[in-house]
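We have chain A; now place chain B onto it with these hints.
Residue numbers (my numbering), protein chains in the order written: chain A, 1 to 162; chain B, 1 to 420.
Treat the hints with caution; some may be incorrect.
The calculated DSSO-like cross-link candidates involving lysine-lysine, where the alpha carbons are at most 30 Å apart (straight line), are [said to hold, decoys possible]: (1) B/Lys235 with A/Lys85; (2) B/Lys168 with B/Lys57; (3) B/Lys20 with A/Lys151; (4) A/Lys159 with B/Lys48; (5) B/Lys235 with B/Lys57.
For the record, the hints were derived by calculation from the structure and aren't laboratory data.
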Amino acid sequence: METKGKVFKYPDNVDTDVIIPARYLNTSDANELAKHCMEDIDNTFVSRVNKGDIIVAGWNFGCGSSREHAPLVIKTCGTGCVIAKSFARIFYRNAINIGMPILECEAAAEEIEDGDEVSVDFGTGVITNITKGKTYKAEPFPSFIQNIIGKGGLLASLKEGC
Amino acid sequence: MGMTMTQKILAAHAGLESVKAGQLISAKLDIVLGNDITTPVAVNEFKKAGFDTVFNKDKIAIVLDHFVPNKDIKAAEQSKQCREFALAHSVSHFYDVGKMGIEHALLPEQGVVTAGDCIIGADSHTCTYGALGAFSTGVGSTDMAAGMATGTAWFKVPSAIRFELKGKLPEHCSGKDVILTIIGMIGVDGALYRSMEFSGEGVATLSMDDRLCICNMAIEAGAKNGIFPVDEVTKQYMEGRCERTPVIYEADEDAEYERTIEIDLGSIVPTVACPHLPENTHPAEELGDIKIDQVVIGSCTNGRMEDMEAAFNILKDKKIADNVRCIIIPGTMQILRECVQRGYVTAFIDAGAVVSTPTCGPCLGGYMGILAAGERCIATTNRNFVGRMGHVESEVYLASPATAAASALTGYITDPRRNS
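Pulled out of the complex, with its shape left as it was, chain A reads as follows (with noise of 0.2 Å):
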């Protein structure tokens, strides 16, 4: 499994608020919070955004709120994979929930450039910056949590536990 595509940076510490403002959480409906992905930080993301871009942040990626719409509104626009520095608890655990795919990987993080082409290998954890010509290795998962990406997320790898 693989993603590719061109990459939109963002700083430090990027919150759920930002990612999706909680005016619009009066419902659960995915392709309608999506149309307001980043809004607060980028409000030309959702109509610059194509199938496998990828998200670069800094560190403690998706502080603040629990709320799942956030790594689902990004899932829902297409974006392929959120990398970043680090990431804030609960965020990196929805994340693994929906089937959402991030990496830690500060050198990552840190090199590649707003508008760089960018592909990563989720099996081996490289990332490969196209425009630059550098590679990078993220950590990869602990097993039990690639279990549960594997089978599609939190729930359907406990409906298969059953």
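Frame of chain A; chain B shown alone:
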């Protein structure tokens, strides 16, 4: 090697003799919580996965608090979906308008959570219940759905930072000033993935409302949970209140902590977190003339009785400054009732404030006090991110109820010690 208090609770709920930091475990849950924003997503996932029964109707709590009384048609539909699910599964702890409160003020008050519990909630401030000596953490809706179906959740056992408290808080300072000071010291990811364990002789001087407020904002330092030891103050609070028998865990003497940070409560001053991160803290007295348009006193952080009392002590027989809107939101129906009985509501109205039914409302920019572009609010809430309370060009300053009330009187961010 010894275990922290959090690790002991997790080990017991995983049926293990001991656990260590980094270990992945499956733990039994005592309470699974959701609100009117996160429960609909959980219900959809629960149904989509084909589950038709909940693991235990007495161990699920659904609280309608974010957008109720319903703010619009869509919110009404979400409340309705929660209500129907609660009814269909005979959920014991379902709180609708008239009974509800802000979830993290309500569940401890109603005795739904207790010492020694292992709790997940689809709300990031679920970490509040650590004040009772429980392991309690925020999760997403899919975890809530899985928890309601199976009664278990997976966890990576956290390491811990110990906060050794000594001394006693000065007048006009409260738990909010303590936790803002700590977040200012360690940063918004200073406790990422870790427990914040509070200990030391200073613990005994803190009220339950202070402890609930401190644990509430552990997430604002990135923590998995915050936790206080169980002492006489906790036991007195739980007595006759908790429906289940409390279980008391203590950290081992040789428990390992990543670091220990000493906090002298006596040196705490009224503290304000400036936009747009909770770590951007400054002493209130050093902030200069920052003019405000709105004051919000309430939320799961500071909507409890002592918070209302702190506001009353400053606002009684005074007038709120011209051109300042002051919105006071008692956290639960019981607190609202007590505010009526004690005459606080009359005093607040006489001062020029409005008093609302319990709701999360403005804290997350839902309703009941949304800010326009360029407006500024001092709030006793927990987050001051961009656009949190309204327009992306509005600003939120986080502070204690005393500081917020003092600021309401002057129209500028004000150290509450100045008014007294």
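Evaluated hints:
1. B/Lys235 with A/Lys85: Given that 30 Å is the threshold and the Cα spacing comes to 42 Å, the pair is violated.
2. B/Lys168 with B/Lys57: Not satisfied, since the Cα-Cα distance of roughly 42 Å exceeds 30 Å.
3. B/Lys20 with A/Lys151: The hint holds at about 27 Å.
4. A/Lys159 with B/Lys48: holds (11 Å)
5. B/Lys235 with B/Lys57: Judged against 30 Å, a Cα distance of about 27 Å means the pair holds.
Hints 1 and 2, counting from the list given before, are not met by this structure.
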